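Single-letter residue listing:
There are 2 protein chains.
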Amino acid sequence: MISIAARFHFKVVLALLLFLSLPGVAQPLSQVREIRKKKEIGWLKTFSEFLSIPNIASDSNNIRKNAAFIQEMMIRRQLTNVQLLESKEPGVPPVVYGEYLVPGASKTLIFYAHYDGQPVNPAQWATGLHPFVPALYSDAIFNKGQAITLPDSNGHTQPEWRIYGRGASDDKAGVAGLLYALEALQTARIRPSANIKFFFEGEEEAGSPHLEGILKQNRELLKADGWIICDGPVHQSGRKMIALGVRGDAHLEITVYGPVRPLHSGHYGNWVPNPAMTLSKLLAGMKDDRGRVSIRGFYDDVQPLTTAEKKALLAVPSADEQMKHELGFEEAETPGQSLMEAINQPSLNINGMASGNTGKLSANVIPTTAIANIDLRLVLGNDWQRQQQKVIDHIRSKGFMVIDYDPTATDRQSGKKLVKVTRGLDGYNAQRTDLSLPLVQKVKQAVQSTSKEPIVLLPTLGGSLPLYVFEKQLGAKTLIVPIANHDNNQHAENENIRLENFWNGIETYAAIMTIDW
Amino acid sequence: MISIAARFHFKVVLALLLFLSLPGVAQPLSQVREIRKKKEIGWLKTFSEFLSIPNIASDSNNIRKNAAFIQEMMIRRQLTNVQLLESKEPGVPPVVYGEYLVPGASKTLIFYAHYDGQPVNPAQWATGLHPFVPALYSDAIFNKGQAITLPDSNGHTQPEWRIYGRGASDDKAGVAGLLYALEALQTARIRPSANIKFFFEGEEEAGSPHLEGILKQNRELLKADGWIICDGPVHQSGRKMIALGVRGDAHLEITVYGPVRPLHSGHYGNWVPNPAMTLSKLLAGMKDDRGRVSIRGFYDDVQPLTTAEKKALLAVPSADEQMKHELGFEEAETPGQSLMEAINQPSLNINGMASGNTGKLSANVIPTTAIANIDLRLVLGNDWQRQQQKVIDHIRSKGFMVIDYDPTATDRQSGKKLVKVTRGLDGYNAQRTDLSLPLVQKVKQAVQSTSKEPIVLLPTLGGSLPLYVFEKQLGAKTLIVPIANHDNNQHAENENIRLENFWNGIETYAAIMTIDW
Chain A
1 MISIAARFHF KVVLALLLFL SLPGVAQPLS QVREIRKKKE IGWLKTFSEF LSIPNIASDS
61 NNIRKNAAFI QEMMIRRQLT NVQLLESKEP GVPPVVYGEY LVPGASKTLI FYAHYDGQPV
121 NPAQWATGLH PFVPALYSDA IFNKGQAITL PDSNGHTQPE WRIYGRGASD DKAGVAGLLY
181 ALEALQTARI RPSANIKFFF EGEEEAGSPH LEGILKQNRE LLKADGWIIC DGPVHQSGRK
241 MIALGVRGDA HLEITVYGPV RPLHSGHYGN WVPNPAMTLS KLLAGMKDDR GRVSIRGFYD
301 DVQPLTTAEK KALLAVPSAD EQMKHELGFE EAETPGQSLM EAINQPSLNI NGMASGNTGK
361 LSANVIPTTA IANIDLRLVL GNDWQRQQQK VIDHIRSKGF MVIDYDPTAT DRQSGKKLVK
421 VTRGLDGYNA QRTDLSLPLV QKVKQAVQST SKEPIVLLPT LGGSLPLYVF EKQLGAKTLI
481 VPIANHDNNQ HAENENIRLE NFWNGIETYA AIMTIDW
Chain B
1 MISIAARFHF KVVLALLLFL SLPGVAQPLS QVREIRKKKE IGWLKTFSEF LSIPNIASDS
61 NNIRKNAAFI QEMMIRRQLT NVQLLESKEP GVPPVVYGEY LVPGASKTLI FYAHYDGQPV
121 NPAQWATGLH PFVPALYSDA IFNKGQAITL PDSNGHTQPE WRIYGRGASD DKAGVAGLLY
181 ALEALQTARI RPSANIKFFF EGEEEAGSPH LEGILKQNRE LLKADGWIIC DGPVHQSGRK
241 MIALGVRGDA HLEITVYGPV RPLHSGHYGN WVPNPAMTLS KLLAGMKDDR GRVSIRGFYD
301 DVQPLTTAEK KALLAVPSAD EQMKHELGFE EAETPGQSLM EAINQPSLNI NGMASGNTGK
361 LSANVIPTTA IANIDLRLVL GNDWQRQQQK VIDHIRSKGF MVIDYDPTAT DRQSGKKLVK
421 VTRGLDGYNA QRTDLSLPLV QKVKQAVQST SKEPIVLLPT LGGSLPLYVF EKQLGAKTLI
481 VPIANHDNNQ HAENENIRLE NFWNGIETYA AIMTIDW
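Sequence order for the protein chains is A and B. Residues in the first sequence are numbered consecutively from 1, following full-length UniProt numbering. Residues in the second sequence are numbered consecutively from 1, following full-length UniProt numbering.
Hints are computed from structural coordinates only; laboratory data are not their basis. Misleading hints may appear alongside valid ones.
If several chains are the same, the list does not tell them apart, and a pair holds so long as it fits within one copy or across any two.
Claimed, not checked - Below, a list of computed lysine-lysine pairs in the BS3-like style, where the Cα atoms sit at most 30 Å apart: (1) 360 with 281; (2) 477 with 311; (3) 398 with 417; (4) 311 with 324; (5) 216 with 360; (6) 88 with 442; (7) 360 with 88; (8) 45 with 107; (9) 398 with 216; (10) 472 with 390.
Quick caveat: nothing in here was measured; it's all calculated off a predicted structure.
Starting from the given sequences, assemble the full structure and let the hints guide the process.
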């Protein structure tokens, strides 16, 4: 043990050393880690409070509470110019903005994260879990993790602990992780090497329909040398990762119609057309037996990868066998295709399907409707509305009359097969940042400096973010630096963040904030 | 106006006349009707109380409350030997039995109805309706009927009024209608022409798994010249109806598997197989594009109709155009096929289908499972378990490994396409009573005596009842005499009974109770 006097002396020396440290000084890593260890319990308490505020983009009241909570966190960390960037339209979740300007810094980085989350169906969460009652577990539930309580403020966490709750990884971990990274630097008196701006969106999971407007209104404020997008999971191998781009995304909701009222399946079964069967046939016809989308022109427009991107792709370690084992399947949807090949193609995926009732609620009826929600992922070259149109044209080619409202009696009497197709208005295109930019190399070095293992440089994420809007409106260069564990159940029930990922992520962000330009 | 003395005198004469009336006396119809008009408000009050008791077969506690309520109704109507016929297995809904023996009667009729109802999903019911809060409406909701309150006991009902609630038509209307018919005869002092026994089942909608055992244990008690099955809707034309048989029924639940945990559809979309697509393809392959089941041997085993049955079938008025208009479709599932042709064939119908979430809850995921519930209707010649097996064999023929449990990690690593198929254990075969039996003619005459319009004699109902069990265990002759309106939403949300149908049904039952043998 060190005596009190010695400890005091040690602290003073440390503080002096920290005070003298220059921007971009090497090895802030160990300092950030030590500070994290001291603060982690307090940080987790605050993070839990943050996760307790429901964050569905359409829930205005709670969205505002989230925004206020973040503003409060910003102010406590001496951020300046803290404000809500509002859409011109009323009722839109605001962007929470704050900045930490560094005298003399010649660079400006904006860190993006989002505080809203995907819709939740609490009934689907594991027993004992609720999306907005964050819970600490000793390990992943699928690894037999048990609910535990947070140690008191002198205690410490274990790397495998996880926090369950909506937004735990996607993407309140981004918001909190960034602010904690800055706090760690502040505590260590390490000055960031660039002006730091935070831009926390509140409707990313709703498709960012007002992002473009907000960017446009704040062009001056949002000038930067680079945008660091803090969202998504790291590589399945656990290695840290940078992604240069994202797939685009577009949605469609398809509804087919049976009888106007639910019918007894005995009295009318197989005379009155069953919408669940109609929908099954319609969906089944969208892919061939090898998982290829059989919609005309679906793979047209795809802009091929550059030589450098292809090379980068080849360097990405394959997680295919690991993931097949982990996810419990043997054969890819398109047999023989690798995950990397798959995410570099446009996709068509059924998110959900519903007709009548199943299981215990199942009754002997012909349902009145059958509904499917579909998401289309897009790669460079695809236009999201054109991609939607291809699906609609396909449905028409199968003899359906496509409408965008519930059919009237007259429509039903027309003798035509009716399908309602609702286009999601929240789509956007893919985006990819040029691999050869100096920014890419600098960020890569910074992230690599925090990890012994080689980091993964991915030409594109499979997931989507509205990055093409940043490029279009601001000419911004975006780089995605995710931190979450790959098995975080992002978008689904039992969303979680593994604590080691959270802590490593804070180190990653601190490293980017102190890039040696 | 008649003076009080004159009215008294009139009543005495009437009572004397009624007292002297013989079994099977003609024209009880107008008396039953007059009594009904006096009692209808009170009857509806009791009926509402009855409907307020939830009646899902698996809900033991409430099922017992229903049984007790019926016993009380029986006792109030001087029934004797009132008892619960229990299964030897514990926890099974009992049959409620009671009898009204007529001195000197040489015939015995047993009236069957069931007091349990189909599962409910309250969320699907119309605004303001709840399955177990019966509500009186001025007309069908789809005809813009409004919620109204019951008149006081001197008031009267209107023919188009409807009562909404689970069991309102299927089949508490049968239970109450029978007891009210007897009460009307008792009040009018018209003696039934046969010993009357009531047999009210409590798990018909769960597939009557214990009915056979209960019949077997009570063979002596249940000896009868005929069973009148009081369930189902009258003909779509509104005409009264007798059906000689029913289709059989069998169920299957099909579950296909995606990843062990829900996945972000961007990061894994179209690499990890999507169970909703797999299920769609599987279901789509079960029927050809003309609605014919394409499962090998599905239409084998069918025993053709007799010449007399074919003739009866030809005499059934076609409701096809009316129903197409009413239900909002133009083309039968198998184009050109009539409803009567359809219900004389085995069928395959999807009752429900579910994967992930749809609508507002839809999220960008690959779901973990996709489930479909299927019911198979059977005609004479089909065996319910053999019919299930044909579907299972079909699934196997598509390259799936069929299991009857959730797959283990080892199953998933086998590289086989996995499907869980759960056979419903509640299936049973079709049944049809011989058209030439004297009983059929007597019941036909009795029902015809209550209606100006020619009644409909249907060789088989499209729906199912476990009537083959009665024949097998008791050698019973069964005849189905339904009373509900055809648009009663039986088995689904917004189930209802139209009051004119209820009142007409009571007259029908009273007529059968007073058949002139």
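Hints and how they fare:
Both within a single protomer and between protomers do residue 360 and residue 281 lie at most 30 Å apart by alpha-carbon distance, with minima of 25 Å and 24 Å respectively. Taking the shortest alpha-carbon separations for residue 477 and residue 311, only the intra-copy value of 21 Å comes in at or below 30 Å, while the best inter-copy value is 80 Å. In the homo-oligomer, the alpha carbons of residue 398 and residue 417 lie at most 30 Å apart both inside one protomer (9 Å) and across protomers (28 Å), since each shortest distance falls under that limit. Within a single copy, residue 311 and residue 324 get their C-alpha atoms as close as 24 Å, which meets the 30 Å cut-off; across copies the closest is 61 Å, which misses it.
In this assembly of identical chains, the alpha carbons of residue 216 and residue 360 lie at most 30 Å apart only when taken from different copies (29 Å versus 52 Å within one copy). For the identical chains of this complex, residue 88 and residue 442 are neighbours neither inside a copy (36 Å) nor across copies (78 Å), given an alpha-carbon limit of 30 Å. Only between protomers do residue 360 and residue 88 lie at most 30 Å apart by alpha-carbon distance; the minimum there is 25 Å, versus 47 Å within a single protomer. When the C-alpha separation of residue 45 and residue 107 is checked against a cutoff of 30 Å, the pair qualifies neither within a copy, at 33 Å, nor between copies, at 80 Å.
Taking the closest pair of Cα atoms, residue 398 and residue 216 never come within 30 Å of each other, the shortest separation being 42 Å inside a single copy and 54 Å across copies. In the homo-oligomer, the alpha carbons of residue 472 and residue 390 lie at most 30 Å apart inside one protomer (25 Å), although the nearest pairing across protomers, at 58 Å, exceeds that limit.
Going down the numbered hints, you'll see the structure goes against 6, 8, 9, while the others check out.
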